[in-house]
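Chemist: Next come the chains, spelled out residue by residue.
There are 2 protein chains.
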Amino acid sequence: MNQLNVCLTPVLIPLYDVEEHVVVIIDIFRATSSICYGIENGAEAIIPVSEVEECEAFRPQGHLLAAERNGEVVTGFDFGNSPFSYTAEKVAGKTIVLTTTNGTQALHLSRAAKRVVIGSFLNLTALCEWLKTQDENILLVCAGWKNNFNLEDTLFAGAVVEQLKYSGFKLDDAAIAANDLYQTGKADISQYLKKTSHSERLKALGIEKDIEFCLQVDLTTAIPVLDGERLVKLQLNY
Amino acid sequence: MNQLNVCLTPVLIPLYDVEEHVVVIIDIFRATSSICYGIENGAEAIIPVSEVEECEAFRPQGHLLAAERNGEVVTGFDFGNSPFSYTAEKVAGKTIVLTTTNGTQALHLSRAAKRVVIGSFLNLTALCEWLKTQDENILLVCAGWKNNFNLEDTLFAGAVVEQLKYSGFKLDDAAIAANDLYQTGKADISQYLKKTSHSERLKALGIEKDIEFCLQVDLTTAIPVLDGERLVKLQLNY
Numbered sequence: 105m106n107q108l109n110v111c112l113t114p115v116l117i118p119l120y121d122v123e124e125h126v127v128v129i130i131d132i133f134r135a136t137s138s139i140c141y142g143i144e145n146g147a148e149a150i151i152p153v154s155e156v157e158e159c160e161a162f163r164p165q166g167h168l169l170a171a172e173r174n175g176e177v178v179t180g181f182d183f184g185n186s187p188f189s190y191t192a193e194k195v196a197g198k199t200i201v202l203t204t205t206n207g208t209q210a211l212h213l214s215r216a217a218k219r220v221v222i223g224s225f226l227n228l229t230a231l232c233e234w235l236k237t238q239d240e241n242i243l244l245v246c247a248g249w250k251n252n253f254n255l256e257d258t259l260f261a262g263a264v265v266e267q268l269k270y271s272g273f274k275l276d277d278a279a280i281a282a283n284d285l286y287q288t289g290k291a292d293i294s295q296y297l298k299k300t301s302h303s304e305r306l307k308a309l310g311i312e313k314d315i316e317f318c319l320q321v322d323l324t325t326a327i328p329v330l331d332g333e334r335l336v337k338l339q340l341n342y
Numbered sequence: 105m106n107q108l109n110v111c112l113t114p115v116l117i118p119l120y121d122v123e124e125h126v127v128v129i130i131d132i133f134r135a136t137s138s139i140c141y142g143i144e145n146g147a148e149a150i151i152p153v154s155e156v157e158e159c160e161a162f163r164p165q166g167h168l169l170a171a172e173r174n175g176e177v178v179t180g181f182d183f184g185n186s187p188f189s190y191t192a193e194k195v196a197g198k199t200i201v202l203t204t205t206n207g208t209q210a211l212h213l214s215r216a217a218k219r220v221v222i223g224s225f226l227n228l229t230a231l232c233e234w235l236k237t238q239d240e241n242i243l244l245v246c247a248g249w250k251n252n253f254n255l256e257d258t259l260f261a262g263a264v265v266e267q268l269k270y271s272g273f274k275l276d277d278a279a280i281a282a283n284d285l286y287q288t289g290k291a292d293i294s295q296y297l298k299k300t301s302h303s304e305r306l307k308a309l310g311i312e313k314d315i316e317f318c319l320q321v322d323l324t325t326a327i328p329v330l331d332g333e334r335l336v337k338l339q340l341n342y
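Just so you know, the sequences run in chain order Z and D. Numbered per our numbering, the first sequence spans residues 105 to 342. Numbered per our numbering, the second sequence spans residues 105 to 342.
These are computed hints drawn from the structure, not numbers from a lab. Be careful, since some hints might not be right.
It does not matter which identical chain is used: a pair holds within one copy or between any two.
Cut-off 27 Å, straight-line C-alpha distance, at most; resulting in silico cross-link-like pairs (BS3-like, lysine-lysine) [said to hold, decoys possible]:
1. Lys194 x Lys274
2. Lys290 x Lys274
3. Lys194 x Lys298
4. Lys313 x Lys274
5. Lys236 x Lys337
6. Lys250 x Lys313
7. Lys236 x Lys298
8. Lys194 x Lys337
9. Lys299 x Lys236
Working from the sequences, and respecting the hints, build out all of it.
Modeler: Right, dumping it as structure tokens:
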């Protein structure tokens with residue numbers, strides 16, 4: 105029986121044999137939501153990096169550069185981390201270098217996996233349908249916040265568990281917990297997440313519209329997959 | 105406003121300033137339950153150690169030695185980790201050296217805290233009443249299982265949050281999640297925990313009676329507190 109495991113923060117990744125899993129990276133506010141939307145809208149590739157300086161190093165290659173500090177686009181960069189920047193008009197055919205601390209850390213620690221794909225509420229059902237066809241152990245990695253647990257990534261992991269739990273997987277304790285939290289919050293996820301401290305922080309950044317956007321379910325069907333250093337669109341065989 | 109934080113596994117302890125918190129160590133099956141019961145029943149002190157060999161080193165001092173391997177008392181030791189071994193008849197006036205891997209790890213990483221106390225369902229309300237008098241940040245540390253998340257320790261953390269959440273604390277995301285899981289499971293915690301894989305493991309060890317014992321609420325009032333290397337009974341001023 106294949107396992108369906110949830111890794112609640114990147115710090116815990118070393119406790120799993122990632123090479124025995126298909127890994128899904130989850131960073132709902134906002135990295136993996138923006139990545140799903142950008143790939144859906146025809147971006148050729150998205151390259152995640154940790155630091156603004158690393159991002160800057162890609163400038164000579166003519167890529168679009170995305171970086172924010174405290175909710176503002178860094179001077180001289182093309183855009184920030186808002187999913188609204190990832191429209192077809194802006195990204196189709198382009199390669200984007202995206203600065204994201206938590207997400208890049210999670211990706212880096214997972215690269216030995218059988219496959220690394222990107223999940224968000226935007227591509228939830230498409231992702232789950234693909235996962236069901238894989239016949240592999242699955243590890244849902246929550247990028248979290250500064251290496252610690254956060255509620256929004258865990259809630260999304262619970263939404264994935266909800267779609268997969270009757271497909272013959274063995275759930276670990278964190279998968280059970282994530283699913284139960286999803287049951288608690290699913291009627292109104294936006295309202296549920298308002299009680300978190302993270303929510304206050306995001307509100308202070310003036311990105312409430314981004315938050316609502318990132319909580320839309322099944323707006324997209326593309327599944328971004330890691331290919332070397334680049335995230336590209338997974339080519340489906342069905 | 106003081107914080108009420110939940111640390112979901114010992115691996116995450118370094119993410120907190122433990123020196124700015126009163127820490128509660130939680131290892132429901134069975135270390136912290138047995139410790140609460142033993143201190144309640146008049147044990148002079150309980151010394152937690154990680155390895156059977158360390159435990160053995162205390163033999164010349166005439167302490168009671170508790171160690172198990174695969175659910176069996178280690179040959180030559182006085183008893184194992186079952187709370188039923190910690191009756192007044194056996195432990196009153198004695199010092200016990202207890203082998204516990206997860207719990208000792210959590211204690212070791214928390215020793216810089218303002219105070220380290222021990223929690224379990226057995227002393228839940230007494231513990232919470234004392235915590236309310238402290239006017240300090242509180243960190244509930246789940247010992248977990250092999251450094252990863254487990255459901256029973258988190259559920260107990262959620263029970264503590266339930267008693268403290270209207271006393272003016274700011275909750276972190278993990279405290280919110282633990283409390284919501286407690287809401288899901290509280291009507292029948294024993295039944296709720298049966299869906300975990302851990303439960304199967306414990307069942308295989310033949311310690312189902314221990315499990316039921318450890319889930320009893322408010323059987324005791326003593327609060328074990330760390331004093332150097334020893335856990336002793338906290339002397340209350342009220």
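Chemist: All the hints need checking, so say for each whether the structure fits it.
Modeler: Do the hints match the structure? See the list:
1. In this assembly of identical chains, the alpha carbons of lysine 194 and lysine 274 never lie at most 27 Å apart, being 42 Å within a copy and 41 Å across copies at closest.
2. For the homomeric pair lysine 290 and lysine 274, the shortest alpha-carbon distances inside one copy (22 Å) and between copies (24 Å) are both at most 27 Å.
3. For a Cα distance limit of 27 Å, the shortest separation of lysine 194 from lysine 298 qualifies neither inside one copy, at 31 Å, nor across copies, at 51 Å.
4. In the homo-oligomer, the alpha carbons of lysine 313 and lysine 274 lie at most 27 Å apart only across protomers (26 Å), although the nearest pairing inside one protomer, at 37 Å, exceeds that limit.
5. Proximity of lysine 236 to lysine 337 under the C-alpha cut-off of 27 Å is restricted to the intra-copy arrangement: shortest distance 18 Å within a copy versus 53 Å between copies.
6. For the identical chains of this complex, lysine 250 and lysine 313 are intra-copy neighbours only, at 23 Å inside a copy versus 40 Å across copies, given an alpha-carbon limit of 27 Å.
7. Proximity of lysine 236 and lysine 298 under a CA criterion of 27 Å is satisfied inter-copy only: 26 Å between copies versus 32 Å inside one chain copy.
8. Within a single copy, lysine 194 and lysine 337 get their C-alpha atoms as close as 17 Å, which meets the 27 Å cut-off; across copies the closest is 65 Å, which misses it.
9. For the homomeric pair lysine 299 and lysine 236, the shortest alpha-carbon distance between copies (22 Å) is at most 27 Å, but the shortest distance inside one copy (33 Å) is not.
Of the hints listed earlier, those the structure fails to meet are numbers 1, 3, in rising order.
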